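Chemist: Heads up: the sequence lines are chains A and B, in that order. For the first sequence, the working numbering gives the first residue as 1, with consecutive numbering after it. For the second sequence, the working numbering gives the first residue as 265, with consecutive numbering after it.
Any given hint could turn out to be false.
Unchecked claim - Derived pair list, reagent style BS3-like, types lysine-lysine, alpha-carbon separation capped at 25 Å:
| # | chain 1 | residue 1 | chain 2 | residue 2 |
| --- | --- | --- | --- | --- |
| 1 | A | Lys205 | B | Lys392 |
| 2 | A | Lys118 | A | Lys149 |
| 3 | B | Lys526 | B | Lys497 |
| 4 | A | Lys33 | B | Lys427 |
| 5 | A | Lys55 | A | Lys33 |
| 6 | B | Lys392 | A | Lys123 |
| 7 | B | Lys302 | A | Lys162 |
| 8 | B | Lys449 | A | Lys33 |
| 9 | B | Lys427 | A | Lys162 |
Worth flagging that the hints you see were computed from the coordinates, not collected in a lab. Treat the numbers as computed from the prediction; the structure is a model and nothing was measured.
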Amino acid sequence: MITAGIDIGTGSTKGVLLEDNEKIIARAIKPTKGSPGKMATEIFNELLETSKLDKGEVDYIASTGYGRYMMEERQIQISDLTTTGRGAKFIYRDKNPSLILDIGTQSSRAIRVDERGKIIQFKMNERCAAGSGRFIERCSRYLVVPMEKISETAMKSTDPQKISSVCAVLSETEIINHVSQGIPVEDILMGVFMSIADRAGTLLKRVKLDAPVFLAGGLVHMPAMKKALDEVLDQEVISVPEAHFSAAIGAARLGYQRLQKIKK
Amino acid sequence: MQEKYVAGVDVGSTTAKAIILDMDRNIVGKSLQNVSPKVAEDAETAFLKACQDAGIDREKVVLITGTGYGRLKVRFGQLIVTEISCHAKGAQFIFPKTRLTLDIGGQDTKAIRLGENGEIIDFSMNDKCSAGTGRFLDVCADALGFSVSDLGPISEKSRRPVKITSTCTVFAETEVSNQLARGRKPEDIVNGLHYSIAERSISLMRRVGIVDEITFTGGVSRNTGMVRALEDKLGRKINVSPLSQWFGAIGAALFALEELEKGSDPKFMPMEVKQ
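If we strip away everything but chain A, and leave its shape as in the complex, we get (with noise of 0.2 Å):
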């Protein structure tokens, strides 16, 4: 049985193929762009071209994140905290998370989950930008680092500059007053993913921080987010690149599961 998760989010949309539950068969990921609703269709089109299947050999579809009430192809929507848990505890199932981190582009959580990846508590922010990545995309625009060189650049640093500011805004004026005083790029860099590292900090604290961190969201990607969080946590946090289809897996299993009680 092929079930379809697509997690349509404020940076990028995601999507997979799942085989009777286990079994990841096509994936795909761009930029969210315009229509969120397109989007999802592209996504979904890319994932049976990959994986050579036709529309109908698709048996459910569910979509998740911010877009997921867009996407007109969808059989059911689920809450992308709720597809989040389910997903990093599969990503992550031979070592038994209950604690993720989700950070996105427009929001960061704290979530706690059961054995069967249930959401017991999260503590969330999506009101404000200087704990997401958002906050880093700003960076790239005006310190000139691409998005792409940009965990790399921060990677180099040796002496890491706090950022005093809690505001996204209000801090660009003391990022260019670190510039102007010709404080490296890399150490301004490494500044801003620590001070992100802390707010999810103080997010982990409110569900109690009792356990390993497993990262999901799209700065997993980022091994200068793992080094700020690592030091700021006082632990290794746990990631993966994979975890960045958290949301997307999280809604195909529970399309599955869906699609079962409908049969039976």
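Model the placement of chain B on the given structure of chain A, informed by the hints.
Modeler: Using the frame of chain A, we list chain B on its own:
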């Protein structure tokens, strides 16, 4: 008797303002100067421009008070007073019945409750987050391709303000672009931004208690659309003055004048920090 003057220099995050008062409390000179990373120089430029505006030599100014975010950079002054005290004093000088001031500046917002004699009863401020400050309007005006000075007149044309749901300046910027792409009218978006700031300002004012009369100060008070949104949300008129950007500087100059009236000799005054 030799003619004497006092000055107040208010160094904010975005602009430096200076005011020259004569001994009869008349405003004889004023200036406005953009702030660069060289804050101390800008503070002095603001002061010199105000002297020029008054048509007097700087030596005639016997006592200078520094205030504002960059008050410690007013090194040529003798007195330093916080901007909270100065804004309150300035507002009550122009509008004597003021009991509450709302100051929306370039990077922060303050609500100050005042007593009859200008004493500060309570205040509340937001200087941690750019939402609800002048910076929020700067960023969103940029996204719309307007200058901040256009915002007031543009919003006048609005019939149906767009509800801006993002609190954060960064997210609001994206929201503004999306609304524009969706075909919403720029004037309705701008009006929506004004209402969003008005709501945040009112919740700040509630923390100190909303009482009559309210005086609106700071750079953002020049925005007529902002005044309209606030009056609509509050359901009452608020005081605004063309001088409102200078209230901090006026208050500072008044503190200098009072010091002189107490008989202090500026020559022997060490650089002093008041409250």
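Chemist: Which earlier hints can't be squared with this structure?
Modeler: Failing hints, ascending: 2, 3 and 9.
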